[in-house]
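So the sequences go chain by chain: Y and X.
Heads up, the final residue of the first sequence is numbered 299 in this note's numbering, and it's a clean run with no missing numbers.
Heads up, the final residue of the second sequence is numbered 475 in this note's numbering, and it's a clean run with no missing numbers.
Derived from the structure by calculation, the hints contain no laboratory data.
Since the model is a prediction, treat every value here as computed from it, not as a measurement.
Honestly, I wouldn't trust all of these hints.
[To be verified] Per label pair, the in silico range of CB-to-CB distance:
#1 Pro413/X <-> Arg31/Y: 45 to 53 Å
#2 His449/X <-> Ala98/Y: 55 to 63 Å
#3 Asp92/Y <-> Thr447/X: 35 to 43 Å
#4 His449/X <-> Lys30/Y: 52 to 60 Å
#5 Val63/Y <-> Ala440/X: 26 to 34 Å
#6 Ala451/X <-> Tyr67/Y: 33 to 41 Å
#7 Ala451/X <-> Asp92/Y: 54 to 62 Å
#8 Lys30/Y <-> Glu443/X: 19 to 27 Å
#9 Val456/X <-> Trp64/Y: 32 to 40 Å
Where a beta carbon is used, it is the ideal one built from N, C-alpha and C, also for glycine.
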Amino acid sequence: MAAIPSRHKSLVLLAGVVLVQVLFLAVQIKRDSQGRLLRSWTVGAISPFERSGAWGFGRIRDVWRHYFALQNTSHENETLRRENDALKLQLDQLQSKAAEADRLATLLNFRRLNRDVPMLGARVIGASADAGSQTIFVDRGEQDGIRRNMAVITPDGVVGKVSEAFSNSAQVLLVTDKDSGLGAMLADSRIQRPVGGTGEQMLQLKYVTNDDTVNVGERVVTSGMDRIFPKDLPVGMVADVKPGNPFKQIRLRPAANLGRLEEVLVLLTLRPLELQKPAEAVTDAGEKPPSPGPLVPKP
Amino acid sequence: MMNDTFDIAGAESHIEVHKFRAGSIVLATGFALLVQALIPVYFPKAGMLDLPLLITIYFALSRRNPSTGLLLGTFIGLLQDSLSKVPLGFYGIAKTIIGYIASSIGARLDTEHPAARFALTVLFFGVHQGIAVLIKRLLLAQPEDWFTLHLAIAAGVNAIVAVFLFLLLDHLRKPS
């Protein structure tokens, strides 16, 4: 038997190994068997490691999903939170603008109802620097026709009067100030009495005798006798009635929300005025177009 | 021959033949088969990796002995067949041939450089795939494409993985 050259031995080995495997393949195909013995050995040997590996992979995957992947979720949450905050801010701004639009619409409506009354819309730009006085500052002044003692109102009711007029702004003394006073009357009984401030957020109906009947919840309106505020403008509502000597102690809750004033109307006249009631205004509304006036506050 | 260095045919420069720590080849092979069987369960795209082939290439290139290389390829290929649905010998034949070629090339070229390893892996992946298609068409009578884009991507991915895997496996070598 001829010896195989050493450098061809590996080649012969290759051919032999490949040939054996080809034959093995052919046998498997012919008998439709899949080398079950070798497979069961291999699978039996490796399956314990596969089970351990699967458990390990499962643990790693769980850790990944519940920890590392949550970092992404955390980042996503942060982004969403910021977006939510931005949207909230935007919503607040929109709500504020909507509320402002509502207030301006109310002012406009009030202005249309009283189109013959010269009035000017003004924006509240500041409040008193000391806690002892109840005043505000508005963004309209002498240049806009504002003068001292002009009435300042809102569609809800009286606010106060101009205590000082400057070039481009004015100081308004609120009806709640201790030095403030106006002519008023009880809407039902028509008893006329002055109303003064208390230095707090309440008003006081003065000089009502114990014989006069005053009920809690009764409306108080302007009488027009002070020659500043038009007649029948809401002043407030009776909140508290106590017997006193010689007069009752009657506290009123202001009709206008004096704690949250943003826009007001300044009546541009020092003559006595009479505001129209809504029912009357509706009747007249179709006859005369509303006159344009400087209603909207300065931007 | 398990010498640290020897002169092949007296023509090539001295090319180092690497020896490995005891049991490292078996352990590496077992680990590669285990990972090959596990990873696609959790990461289906990882199925394009052929870790047993990479192990075959690495050890065949390192041992630089065609007989050892082809027998190693046979061993790994048959184990892979055992854990697959293909008939025994399918990958056995392919990896036997790869083991032989890789060790033959390793005996003539310096295959330590990452670029050489990358290129050789792409080459061997192609040859391995060609043999597998041939077996399927000729012996199993099953239609199979010679080339697809997926195979080209798989060749690149395997080559990239091979570069890093081979660096890792270098630590299994016995210090010369």
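- Between Asp92/Y and Thr447/X, does the beta-carbon spacing fit 35 to 43 Å? violated (58 Å)
Lys30/Y and His449/X - C-beta distance against the hinted 52 to 60 Å: Violated, at about 32 Å.
Check: Regarding Val456/X and Trp64/Y, is the given constraint of 32 to 40 Å on their beta-carbon distance met?
Finding: violated (22 Å)
Can you tell me whether the CB distance of Pro413/X to Arg31/Y sits inside 45 to 53 Å? Holds: the Cβ-Cβ distance is about 46 Å, inside 45 to 53 Å.
Is it true that the C-beta distance of Ala451/X to Tyr67/Y lies inside 33 to 41 Å, as the hint says?
holds (37 Å)
Range agreement (Cβ of Asp92/Y with Cβ of Ala451/X, hint 54 to 62 Å): Given a distance of about 57 Å, which is inside 54 to 62 Å, the answer is holds.
Review point. For the pair Lys30/Y and Glu443/X, does the Cβ-Cβ distance stay inside 19 to 27 Å?
Key: holds (21 Å)
Practice prompt. Using the Cβ atoms, figure out if His449/X sits within 55 to 63 Å of Ala98/Y.
Written response: holds (59 Å)
Legend entry - Assessment of proposed distance window 26 to 34 Å (beta carbons of Val63/Y, Ala440/X): violated (47 Å)
In this structure, the earlier hints numbered 3, 4, 5 and 9 are contradicted, and the remaining ones agree with it.
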